[in-house]
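2 protein chains.
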Amino acid sequence: MVSEDIGLVEIVKQIIPVDEKWIKKARERTAQLLMPARALGRLHDISERLCGIQETLKPSIERKAFMVMAGDHGVVKEGVSAFPQEVTGEMIKTFLNNGAGINVLAGQVNADVFVVDMGVVSDIDPATLNGRDRFFIKKVAKGTANLSRGPAMTREEAGKSILTGFQLAAGLFNKGVQILGTGDMGIGNTTPSAAIGTVLTGSLIEEMVGRGTGVDDKGLFRKQEAIRKGIEINQPNRKDGLDVLSKLGGFEIGGIAGCILAGAYHKRPVVIDGFISTAGALVAHALCPAVVDYLFAGHCSEEPGHRLMLKHLKLEPILDLGMRLGEGTGGALAMCIIEGAVRIFTDMLTFEEAGVTGKE
Amino acid sequence: MVSEDIGLVEIVKQIIPVDEKWIKKARERTAQLLMPARALGRLHDISERLCGIQETLKPSIERKAFMVMAGDHGVVKEGVSAFPQEVTGEMIKTFLNNGAGINVLAGQVNADVFVVDMGVVSDIDPATLNGRDRFFIKKVAKGTANLSRGPAMTREEAGKSILTGFQLAAGLFNKGVQILGTGDMGIGNTTPSAAIGTVLTGSLIEEMVGRGTGVDDKGLFRKQEAIRKGIEINQPNRKDGLDVLSKLGGFEIGGIAGCILAGAYHKRPVVIDGFISTAGALVAHALCPAVVDYLFAGHCSEEPGHRLMLKHLKLEPILDLGMRLGEGTGGALAMCIIEGAVRIFTDMLTFEEAGVTGKE
Chain A
1 MVSEDIGLVE IVKQIIPVDE KWIKKARERT AQLLMPARAL GRLHDISERL
51 CGIQETLKPS IERKAFMVMA GDHGVVKEGV SAFPQEVTGE MIKTFLNNGA
101 GINVLAGQVN ADVFVVDMGV VSDIDPATLN GRDRFFIKKV AKGTANLSRG
151 PAMTREEAGK SILTGFQLAA GLFNKGVQIL GTGDMGIGNT TPSAAIGTVL
201 TGSLIEEMVG RGTGVDDKGL FRKQEAIRKG IEINQPNRKD GLDVLSKLGG
251 FEIGGIAGCI LAGAYHKRPV VIDGFISTAG ALVAHALCPA VVDYLFAGHC
301 SEEPGHRLML KHLKLEPILD LGMRLGEGTG GALAMCIIEG AVRIFTDMLT
351 FEEAGVTGKE
Chain B
1 MVSEDIGLVE IVKQIIPVDE KWIKKARERT AQLLMPARAL GRLHDISERL
51 CGIQETLKPS IERKAFMVMA GDHGVVKEGV SAFPQEVTGE MIKTFLNNGA
101 GINVLAGQVN ADVFVVDMGV VSDIDPATLN GRDRFFIKKV AKGTANLSRG
151 PAMTREEAGK SILTGFQLAA GLFNKGVQIL GTGDMGIGNT TPSAAIGTVL
201 TGSLIEEMVG RGTGVDDKGL FRKQEAIRKG IEINQPNRKD GLDVLSKLGG
251 FEIGGIAGCI LAGAYHKRPV VIDGFISTAG ALVAHALCPA VVDYLFAGHC
301 SEEPGHRLML KHLKLEPILD LGMRLGEGTG GALAMCIIEG AVRIFTDMLT
351 FEEAGVTGKE
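The listed protein sequences derive, respectively, from chains A and B.
At position 291 of the first sequence the residue is numbered 291 (our numbering), and the sequence of numbers has no breaks.
At position 181 of the second sequence the residue is numbered 181 (our numbering), and the sequence of numbers has no breaks.
Next up, chain A with everything else stripped away, as it sits in the complex (with noise of 0.2 Å):
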């Protein structure tokens, strides 16, 4: 499937929902294994979501993979978060020796982890760097610009972030593999999120709004006040996935947007993970509503504006720990969620197997 060249307009045709048919097939199936109707709960509605997105009754999510999006933002200039800058390049550094939350929860369900440069402000040399056959340098722009002073980007820059998203795992999934998880990496990328978040779901700025890696109550006022002037000066139009992004940014989150588009249109689940991830979820849905059949949610995030988000997808996070580190980990959590509902799925014997007697 060469899906790598495609463009925007064309991807978001060719998505369509998930085949019921097969959702009900696997439910046929659950009904037969050996256990009191359902008593798995959620983990058979993922197993048989997952058969519906890989149309089968035997799925499959061996060869996993996380794609950490990482880019920079203007806003930081209003002193919208509690790091500096350059954390989000020396975050890449560690991503690739392996020394990182999202290595070491991708590790633990043998996903491997790729970065993408997206749009980060330092240069990242790839020569010094163990992991750079897992680095791809898809810089749209050195940054955004400031979200609160005009736009984040141009229209163009936008449609180009999602799509390198897109290409990206496009080409992972050419490649083999089954499920991917979206992460993050970029200081102050809350602010665009919750701006992002606040467009989307029509909620209010006080209730999407949280600390992030831990700003201050002054710092959480200054975070409110940047999207309050933000979204007055940009009047981003919500019925534009497009123009939210470009308006409000940042190119790690249309990555993400692209990343879900293109497992929408291969037919391959996408697991996002907290505020950011879902950020990028809102701006897919809202180019192409359809994205949410093929997307679970790792965790709600304690990042308060999450659940909103997910309310408004609805999609129902698997875990619920008060996670809100991003990289991609509340989602690398879930799959080991998601690794159990297969194996009841595929592993467990039937009552008629097992010759065990069934209800009275």
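No lab work stands behind these hints: they were computed from the structure.
Check the hints yourself; a few may be wrong.
As the list claims (entries may be wrong) - Heads up, simulated BS3-like pairs for lysine-lysine below, C-alpha to C-alpha not over 30 Å straight-line:
(1) A:K359 / B:K25
(2) A:K142 / B:K359
(3) B:K139 / A:K77
(4) A:K218 / A:K13
(5) B:K142 / A:K359
(6) A:K267 / A:K239
(7) A:K138 / B:K359
(8) A:K359 / B:K218
(9) A:K13 / A:K314
(10) B:K229 / A:K218
(11) A:K24 / A:K239
(12) A:K359 / B:K359
(13) B:K229 / A:K359
(14) A:K24 / A:K359
(15) B:K25 / B:K218
(16) A:K77 / A:K139
(17) A:K359 / B:K139
(18) B:K359 / A:K139
(19) A:K229 / B:K359
Quick caveat, the model's predicted, so the values are computed rather than measured.
Please arrange chain B on chain A, whose structure you already have, making use of the hints.
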């Protein structure tokens, strides 16, 4: 540590709360890890508690095991279950043939599954079974008496069931098992569990009783009536865990309580599963409140009273996925999360090791 011959009073006397000093030390290490303060939420609480239990900053749960306790229940004569009693024995065979839910999910985390006949009505001939080296026949009696007509067992039998669980778990710990999950099998066992839960948490019967494996409205009413009569006739003393266990049963619940006492005695973490395992935890807690320091609640069951039991024990469940199978399945799935917590604590780089700039 020769603990297999010890008596109950001596066991309880020797159990001490977890040493807060190690938890404090562990929190100091967490603060240095490469992320915003405590950004992985509950994962930190889990790893730090493990450090406290194991008295180390290098916690390990590499060697994992499950103990599935099976027993039958005289109260099934009241029509409280949707499945016939012979299923208890049939399921033991399936556990030993590796075909049940617990086998699948324990397999995912590389945990061994041991099965104990604590008091099943049918006799299982181990000679014909694959997993006979993982099967212990420790019948206290061939099923309990009907709790709604009198005591489910004698006080001696209650003590014996607890000590049996203690000795078997102690045996595993002495052979190097680092974390133990409890599981259950016993047609009808949500009824004694709900009875124990009602008495030990002081809840209303209506709040505590659910549909178990799937009884209809009439079956639900019969369960409530059986428990109401059982409490009225037996007058269990909620200050005396052994009295509650003996009046309301069952043998597998006593066995689970014994496993929990063994964990606390040996300073090993025990992961409890759902409604029945938590009834066992309530009995252990009534005998020795300090046991909760050594417990992880794997999940919150769909069985409505489970939340009340966990609240009484001040345990927060790791997962909440609408599961209600028992066998230890919720604990097995939760072990993935506990494993992730350990890996984050031990394998993630610190800010210093990674050379990443800290908070401004």
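Now for the hints, and whether the structure bears them out:
1. A:K359 / B:K25: violated, 52 Å
2. A:K142 / B:K359: holds, 22 Å
3. B:K139 / A:K77: The given pair, whose Cα atoms are some 71 Å apart, is violated under the 30 Å limit.
4. A:K218 / A:K13: violated, 45 Å
5. B:K142 / A:K359: holds, 22 Å
6. A:K267 / A:K239: With Cα atoms ~25 Å apart, A:K267 and A:K239 stay inside 30 Å; holds.
7. A:K138 / B:K359: holds, 28 Å
8. A:K359 / B:K218: holds, 16 Å
9. A:K13 / A:K314: Roughly 22 Å between the alpha carbons, so the hint for A:K13 and A:K314 holds.
10. B:K229 / A:K218: violated, 61 Å
11. A:K24 / A:K239: violated, 33 Å
12. A:K359 / B:K359: Violated, because 59 Å separates the two Cα atoms, which is more than 30 Å.
13. B:K229 / A:K359: The given pair, whose Cα atoms are some 26 Å apart, holds under the 30 Å limit.
14. A:K24 / A:K359: holds, 22 Å
15. B:K25 / B:K218: Not satisfied, since the Cα-Cα distance of roughly 54 Å exceeds 30 Å.
16. A:K77 / A:K139: Status holds; Cα separation ~20 Å.
17. A:K359 / B:K139: This hinted pair holds, its Cα atoms lying about 26 Å apart.
18. B:K359 / A:K139: The hint holds at about 26 Å.
19. A:K229 / B:K359: holds, 26 Å
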